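Dock the two chains into a complex; use the hints.
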Amino acid sequence: MKIAIASGKGGTGKTTVAVNFALSIENVQLFDCDVEEPNCHLFLGFNLEKVEDINILTPVVDKTKCDFCGKCSEFCQFNAIAVLPEDVLVFPALCHGCGGCAMVCPKDAIVYENRSIGIIEKSKGGNIEFYRGVLNIGEAMSSPVIKALKKHVDESKTAIFDAPPGTACPVISSVQGADYCILVTESTPFGFHDLLLALDVLRKLEIPFGIIINRCDIGDDRVEKYCDTERIPVLMKIPHDRKIARLYSEGIPFVNRIPEWKVKFVQLLDKIQAQI
Amino acid sequence: MKELTVISGKGGTGKTTIAAALVSLAENAVIADCDVDAADMHLILQPEIIETIDVSGLKVASIDETLCIKCGICKDACRFDAITNDIRIDIYGCEGCGVCAYACPEGAISMIERKAGDAYNSETRFGPMAHARLGIAEEASGLLVAVVRDNARKLAEKYDRDLIIIDGPPGTGCSVIASIAGVDMVLVVTEPSVSGIHDLERILDVADHFNIPAVVCINKYDINEKNSLIIEEYCKDRGIEVVGKLPYDDTPTKAMIQEMTVIEYSDGEFSNKVKDLWENVREKLT
Numbered sequence: 001m002k003i004a005i006a007s008g009k010g011g012t013g014k015t016t017v018a019v020n021f022a023l024s025i026e027n028v029q030l031f032d033c034d035v036e037e038p039n040c041h042l043f044l045g046f047n048l049e050k051v052e053d054i055n056i057l058t059p060v061v062d063k064t065k066c067d068f069c070g071k072c073s074e075f076c077q078f079n080a081i082a083v084l085p086e087d088v089l090v091f092p093a094l095c096h097g098c099g100g101c102a103m104v105c106p107k108d109a110i111v112y113e114n115r116s117i118g119i120i121e122k123s124k125g126g127n128i129e130f131y132r133g134v135l136n137i138g139e140a141m142s143s144p145v146i147k148a149l150k151k152h153v154d155e156s157k158t159a160i161f162d163a164p165p166g167t168a169c170p171v172i173s174s175v176q177g178a179d180y181c182i183l184v185t186e187s188t189p190f191g192f193h194d195l196l197l198a199l200d201v202l203r204k205l206e207i208p209f210g211i212i213i214n215r216c217d218i219g220d221d222r223v224e225k226y227c228d229t230e231r232i233p234v235l236m237k238i239p240h241d242r243k244i245a246r247l248y249s250e251g252i253p254f255v256n257r258i259p260e261w262k263v264k265f266v267q268l269l270d271k272i273q274a275q276i
Numbered sequence: 001m002k003e004l005t006v007i008s009g010k011g012g013t014g015k016t017t018i019a020a021a022l023v024s025l026a027e028n029a030v031i032a033d034c035d036v037d038a039a040d041m042h043l044i045l046q047p048e049i050i051e052t053i054d055v056s057g058l059k060v061a062s063i064d065e066t067l068c069i070k071c072g073i074c075k076d077a078c079r080f081d082a083i084t085n086d087i088r089i090d091i092y093g094c095e096g097c098g099v100c101a102y103a104c105p106e107g108a109i110s111m112i113e114r115k116a117g118d119a120y121n122s123e124t125r126f127g128p129m130a131h132a133r134l135g136i137a138e139e140a141s142g143l144l145v146a147v148v149r150d151n152a153r154k155l156a157e158k159y160d161r162d163l164i165i166i167d168g169p170p171g172t173g174c175s176v177i178a179s180i181a182g183v184d185m186v187l188v189v190t191e192p193s194v195s196g197i198h199d200l201e202r203i204l205d206v207a208d209h210f211n212i213p214a215v216v217c218i219n220k221y222d223i224n225e226k227n228s229l230i231i232e233e234y235c236k237d238r239g240i241e242v243v244g245k246l247p248y249d250d251t252p253t254k255a256m257i258q259e260m261t262v263i264e265y266s267d268g269e270f271s272n273k274v275k276d277l278w279e280n281v282r283e284k285l286t
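Protein chains in written order, with this note's numbering: chain E, 1 to 276; chain C, 1 to 286.
By construction, these hints were calculated from the structure, which means they are not laboratory data.
Now the in silico label distances, taken between C-beta atoms and shown as ranges:
hint	chain 1	residue 1	chain 2	residue 2	range
1	E	ASN27	C	GLY72	35 to 43 Å
2	E	ASN79	C	ASP237	32 to 40 Å
3	C	ASP276	E	PRO208	46 to 54 Å
Taking lysine-lysine and the DSS-like style, the derived pairs with C-alpha atoms no more than 27 Å apart in a straight line are:
hint	chain 1	residue 1	chain 2	residue 2
4	C	LYS59	E	LYS71
5	C	LYS75	E	LYS71
6	C	LYS115	E	LYS71
7	C	LYS59	E	LYS204
Computed from a prediction, not measured in an experiment: that's the story for all the values here. For glycine and all other residues, C-beta sits at the position ideal for the given N, C-alpha and C.
Just chain C, same shape as in the assembly (with noise of 0.2 Å):
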């Protein structure tokens, strides 16, 4: 079985778009959508859940009033500053060491369960989902994509699929190192902006920190062809090969509002280069 992961670094480069794409054109995938904290591919695929999963993240600390004397040896424990000046828990700060708990010598702070959120398996017109909706204001999604990732892995093996094809987070952090983390290739969508070319370095950097193959899609190739002309040398230089460039088209935003792939809705340029981008990916992959 093999991973695919779509990522960019930066944000907006068409990762969700593009990986929908290949989704309706690989035959035998499982997709898992790894953007935890703003899922998009669902309004695409549309997906029928079929479970329902209960993600419980990191504890958070909770201080019994009853129980508390004001000492403040918490507050000195705590390396998160997640405890106020009058002794409350900064939910947001909290970290769920339990450092405070252990600290506290009136065994007034418990740790309690909290939720990260909820992890669906589902079913697509393509084929089966996993995906999830991190709850709100919830800062365990690297876990939570850990949970997708797996997920994804089971409904390969009992659907007999022989692909999972990831759609990452935007950025270089912890949902990004999660979702590529033993993958066997990432595909980096990028643009040909001073911000795109930047984003894309360091994204390749990770890829490389992480041993993971990569290769490289310019997308909007042709709103700065100058850049893009950039972009294809320093991939050269790098030894990575650029597999796609795709062409600034209103096709993807079209397609969204139709709520379908771009595959599915039109037959034009656009869709033409995401088929040769995927006979590519493909071929790099087996």
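Isolated chain E, as found in the complex (with noise of 0.2 Å):
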């Protein structure tokens, strides 16, 4: 089973959620979705290996060839390819590597080298199957980063996807596929209004979902009154917690300072497959 975890708003312990859920129960793997800012590391204290580097396709232009007809960049959607009367300018940042201008060259002078734009690593050792993307400084897209990162997912276990914050396409990305979403939220106005527009792609991609409210006892009563109305199953409330906070900030995964919480992420799993 895939199980993915989103928030629409940052910072409302996603991380939190995957790593202990993740220490947790048996026969698990780990994906930290969030390439652009990947955390889960740092509460799992594992080293870890380089798997793979990602690369896509960037257009080269053999000048010698080229005559400067500019049907290339006028295919291109990305703006990632510019002819001068004497020139061509290929932007990389900007490509997202569909072939296309290479495609319509009548003069076959465009060819393809693979550029980097990120890594996936993987746990060595510890008690749970670990996958990491990053992605590279300066690079724009992480979505080809997301995607090869999940095709490392093991079917006869159980895998958890901490995803980016937001609900965009390294969103998209990462909760596509998955069997369920947990949303994590808290009772806050950001918190709410971030998790209905959360919910609208989760209802959208149509994956079955559940809540968890995060420092329940802050804010106010309108994630637990909506989930009410609509019959969304709060699946878990972690309250605001002194203690949890800073065992967070110091990188420590609060079930193994707090081990009653693992029944709870136990018990969690038990739900989330009762209800699908």
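As structure tokens, then:
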């Protein structure tokens, strides 16, 4: 079973839930899909080894063959190639690697070379199988890294995807294909508003979901009231506890220090299985 | 005209709370909410929308089933795995490149317009605001950010404002790059957790990569003072100024519930520290 953990708003506790959940259940894989700012490893303390480079194909123009006709730049939807009267400029950071420019070139002047935009790493040792993607600094497109990361899913295990914040393409790439999505929220105006946006996405993608309310005793009761009316299961409530906050700030998973929470995360898995 | 973007790398460190407070302190600013896929600034500023602009994103492929012979050439040509085995378009995978339409020998594929979202030009109690709403499960957030920034510049010209305060998204990718490209300075809001420190390093690398001067604000600095010291040392080593340290406080949550900036809500310690932060930022900007 594949379980994604998303939120809409950032900083609500996705990584906290993902890591503590993974540490509490058996036969599990954890994927850090927040490839722009991956944090799970900070809580696991595993040594990481590189599995692969994530490359996208970027055009290289042979200017001895090119007659500067401009068909490539006309075709490119991403403004990644510009043709001047006697030169061609390629902007690799804008290129999505679709291959269109070479396809339309009448002079066969375009070839492709691999350009690394990020890497996939996995844990060496440790009791859970952990993978993470890391997007290179200055790169814009995280989706290819996320998609490559998820190819390491072992269907015989429970796979947990820690998604990035927001509701845009990196989130869609992270939650797509999941059997279930946990939305971690906090009951504040920002938390609630962004939760509604994330719910819209999950409904559109037809992924079943439930809610975890983190720091449930701050803010107000708007999230619970909403879940009640909409019959959305509230899977867990985590109180605002200075001890949990402190452990988080130090990079210590709280189930390792407050073992009764392990039981609650095992029950969380049972609840999800019962729902789907 | 100056542009300042508030970013963080890590989500939930307090970007919007701080950006909204700065807006209420700046006397002559335009506000741009560039966190277009989870925009929250409007919850505090309650803008009155003056103008709504339809923003088209990249196109999406569409197969005419009456012409398609299921030859699979399009599927082989697509680099994004956006065409399924039974030759249908996965609209969430489609990047709108047009390769499949070009490759199709039957002329069965056309590229159709796709709406990215709505952009808004609005009025708030602190001045003009540009913001947007990304369509549900739409992908063109970077493009929408560029539209919001363009609208903000036009508003600044129209109303003779000399500063644009941009509330940026979390992360380091597409919409962050679009939010910081060419601005005069970024204000990075961090928190003293191991995640906060890790993400701060990466986002400062991004600012460096694009040659944008950065200053740092440590929010909730008293949650872990040891980590706050680590951040201060780290910034010092990089030659980056820590322009503010804000205490952990329930003022932001309470102010948010009242739809107020922290400055409007209270004149307590938190708000005073934000005022000091603003003075430092303003000085650095001029």
